[in-house]
Amino acid sequence: MSEAQGIVRPKTAASTALRWLLFAILGLFALYYLMPLIVMVMTALKPLDEIRTGSLISPPRNPTLEPTVRAWNSACVGVRCSGLKPYMLNSILMVVPAVLISTMLGAINGYALTKWRFRGADLIFGLMLFGAFIPFQVVLLPMARTLGALGLAGSLWGLVLVHTVYGLAFTTLFFRNFFVGVSDGIVQAAKVDGAGFFGIFFRVVAPMALPAFVVTVIWQFTQIWNDFLFGIAFSAGDNNPATVALNNLVASSTGVKEYNVDMAAAIIAAVPTLLVYVFAGKYFIRGLAAGALKG
Amino acid sequence: MANVRLENVWKRFGANEVIRGIDLEIDAGEFVVMVGPSGCGKSTVLNLIAGLETLSDGDIHIGARKVNDVAPKDRDIAMVFQSYALYPTKTVRENILFGMITRGASRAEQDVALASVTELLHIDMLLDRKPGQLSGGQRQRVAMGRALVRNPDVFLFDEPLSNLDAKLRLEMRTEIKKLHHRLGKTVIYVTHDQIEAMTLASRIAVLEGGEIRQFAAPEVIYEEPEDLFVAGFMGSPSMNIVKGRVVRNGRLELEVTDAEGAVRFPIPDPLAGPAGRHLGGELFIGLRPETITRQGTQRPGTNVFAFERAIDVVEPTGPDTMLVFSLGGIEAIGRVHPEDKAPADTLFPFEVNMDRAKLFDPASGKRLR
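If you're matching them up, the sequences are chains A and B in order. Residues in the first sequence are numbered from 1 upward in steps of one, following my numbering. Residues in the second sequence are numbered from 1001 upward in steps of one, following my numbering.
Bound conformation, chain B alone (with noise of 0.2 Å):
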């Protein structure tokens, strides 16, 4: 086990600059999830962790050791990587042992981690087999382990269950997250699905643009996002983020107007005091899909605002139908339980838990606190 430390880490592809000054600390036996959308770096944070990409600048710690000059195969770390990267010509033996042979183990030590691999991940029966005669589940299983028989301080995976199919991807989340129970040991995890992020992770890191836009545990990103694209990025389907204006009417509101008429969302009392200081200016207001739900179904003692707006389509998606409806310019979604559902084209009488809205500068993107 180890902890990993990255400094001021910046990574430039001649003028393009890909990493702009990282700091991440990662302790020891964590989670630790790296989510964004494609593009942002995160697989680029991940390569420069493993040594397969070399820094521009900063450094990289494993556990007491800076790694900036360490070679990928000293640095004691492991890596599944999105495509798996088994090589084509081996059996699944050879895949899972090729590192330990290149590193000169003995047959005996291969033999016991073979063992112990196989029977932990069940790929027992197919290790004669080559990689083309496996399903994208069994390589996925082979990927695994040929990272867990390295034993390594740190686990590294680069969008592991990207090329899979959703149900085989549901179990493999699961897989991984016992894994990690059992074993206990450092996992930093690169996806571009919030949902595996929110499941899996200690802590997630949300990265745009190069740059850390958040990092903290899953219920803290998911409700106190820091700025606006966290907000929308994490959540499906996403926060419905709309721009009012803060009116005073006895108490303060959000005035939403479009061309149905004006919506005014009253601002709870924890916030009154930063929105006061917008008064007359505009905001952006969040509003969770699951907190929009039909009137007197929310819980008793909920800060719920009601209001009305005609339904523009109806999704059911099983559990939950989502009421999709325009709102200051967007296509809103409010989630209820399919038997409180209507059909498109009527009005329908929307509750809010307003305790869980968020504000927005629009000026800075940051959320009001």
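Looking at chain A on its own, in the form it has when it is part of the complex (with noise of 0.2 Å):
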């Protein structure tokens, strides 16, 4: 920010003082909330008798990748010593349907409760939107049972499944609080056109919603890959996603234990989210920002 810019203010020594203190305090904020960080990624890079000797903060003298290696594709997990990867790719597996459905699903929702209004649509959207704040914990034994019914039981599509239906409150709510914004003007012009209920979601009203399948898209692919309970609850051994396998893969080291190896299989289970953070991340705030005006 310029000093061009903004609300005129006195220039004297005492708020010069303040504004360094104000900076020297957001500072170690930001040193605080870095540290675990920093820590892994050292550690990481450590071999396993540096770590023993060092200190914990002080930086590799010999860095190398080999516990980032043995994570990837041969650390164990339970009894099976390949490493992260079959987990990784389960994960992918599991969150690509899972995103796309529900965000799918949520968007028409949202376009169906706000441009095709029915009798008792606030209803229904309460009703949604409540299905936001059930505590997890609840449905597990209920939604256990409702897998073992439809034979998906431990497999990854009733992982999908869960996280579609747990998800639809959170896309459902993004989008109708971006449609909402949207003049119905748009939709009513569309109708005169002869476009149908589809016809005008695809064409006119998606394309619009682009901020939102943004936002909507990062938010569930952080969720999804990020949950433990459902992980664990609901997959069995080999179908386990990659947040259970670091878990196992923590715990199930024998005699000596790796840090270096956990730190590094820690950050390849968190890289995707980083990812998609930096590489949309932009779109996100924009996204939130845009909802928060229009919500």
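No wet-lab data here; the hints were simulated from the structure. Positions of the beta carbon are idealized from the N, C-alpha and C atoms, including for glycine. Heads up, some of the hints might be wrong.
[Stated by the list, open to error] Think about it this way: if two alpha-carbon atoms lie no more than 20 Å apart in a straight line, the pair counts; the simulated EDC-like pairs of lysine to aspartate or glutamate are:
| # | chain 1 | residue 1 | chain 2 | residue 2 |
| --- | --- | --- | --- | --- |
| 1 | B | Lys1090 | A | Asp49 |
| 2 | B | Lys1243 | B | Glu1109 |
| 3 | B | Lys1185 | B | Glu1030 |
| 4 | B | Lys1073 | A | Asp184 |
| 5 | B | Lys1178 | B | Glu1159 |
| 6 | B | Lys1178 | B | Asp1227 |
[Unchecked claim] Among chain B residues calculated to face chain A with C-beta under 7 Å, some are:
| # | residue |
| --- | --- |
| 7 | Phe1081 |
| 8 | Phe1098 |
| 9 | Arg1251 |
[What the hints assert, rightly or not] With the Cβ distance kept under 8 Å, some of the chain A side facing chain B (calculated, not the full set):
| # | residue |
| --- | --- |
| 10 | Ala189 |
| 11 | Lys191 |
| 12 | Met208 |
The two chains are supplied separately, each in an independent frame; assemble them into the complex guided by the hints.
Following this line, the structure appears as structure tokens:
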């Protein structure tokens, strides 16, 4: 922010000192926040004997990628010693369909709730919103029985179903708030132009909702990728997602605790969500701001 | 070309009666303007005709067809919306052609229609832009283009000019009138701007409270308003409407009294009969501002009545100057030539053309005739 902008303030020694104090405090907070990440990255790059002898925050003297490679393809998760690789694949196979289906359904819900008003639309939206506040522990047992009845117990498709269902509350909320701000006239014009429910959705309304799609995809991706509770409750053994595998990997080290491999595995499991933020983060902020203004 | 007929049309939202039994017969090729204050139901009537709302009761015919249960796309109408309602992610070309593509028109048909419309509206150089890159006037043209390309029987306009600045509004108003003249299609046009209504319409429907107060040609609406509402709504500045007592003083007079004393307006002969029945009672008198001028400036032979009042405020508008004075408890306005004006707080010699004065029954609000 240049000094030419903003509200005019008197410039005194006291105000300058206060400003520096403010920056110092903010810098301290930032450091505090970054500390775990710094420790993780440094530890993951150290050989095991350096961890034993050095301190937690000393930088690695002989950086090595060996722990990272081991975490990826040879560390033991339970009895299976093939690293996180197969479980990362599981997570991707779970996340991609779950995100796409829940986002698409949320978009159609939001569109129907705002642009094709029907009796009870507000009630239905209220109930769906309520779904966003249900603690997931409550649904574990009924959902386990449902998955069992559907023959999806322990499978990846079961997880996809669970995440889709419980993501709907949020995706519907995001899209509903976006579409509330879209002029009804556009939908009416499209009706006069002869387009139907899905014609208007796919050809007129959905292209306008790009920011809402970005926000929802990031949100759902992060939620589903990071989920541990559903993963551990509803998947078994080789079908575990990365988060559950990470936990098992850390828990199943025998003899010497390999902190560097554990840290590297944790970083690997976190990388996809970080990448999503890096590539789409600015849309995320923008979309959230737009949603806040319109919602 | 098609006529449009509304028979006893009702629209209710729950217990709220928005449209209360409207009958309207619009001839083929006519330009009908529906005008009224906000919330009078005029846009609802338009949406009912378009099929964007369902009828609660009554029938709507377009041409020979009863369209109560016909979807908007099959009604052979085109609509221009207040907010333009352009598709923001589509280019101007795609906006205009969206309807044709949806209906599966051939490429050749699309090209012909697009060429004729863009030429007519002078938007050929905008075809590849998105609505966000257009000015208000250009968006308005594109919205009209989208309606024109449809080549419908009936055009529906929902306050199409209300988002434009004053100068553009005038230009587009003229343009719409020209277009109607050229195409000869039936137009139903909704606005809250009574000047737009006066200038565009072949007939005006004045709506209030979900009912039609009067449906007539603009001159008739202006000079022979049905009731107090129509009289007060049409005209800018609006008609001076003030209450007075009917007295006989050799001739029939309407006596308006306030702190500055009494003004006794002679009741013109054609109104003497109906006004006489209210002798001793009260009536409203309606005087258009342009009928109140400086003494001696009206056409010779006019039935004028002279009176004096102190000027409260002087409002120059350019071509005319408005003199605000108090009369019977209201702020009355006289419209004089700029060279006739006088400073505020001085006594001013007014004269009023009594032949154009209207009288209204306070109980029913109806005009006496």
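Taking the earlier hints as the rules, which of them does this structure contradict? Per hint list: 1, 2, 6 and 9 violated.
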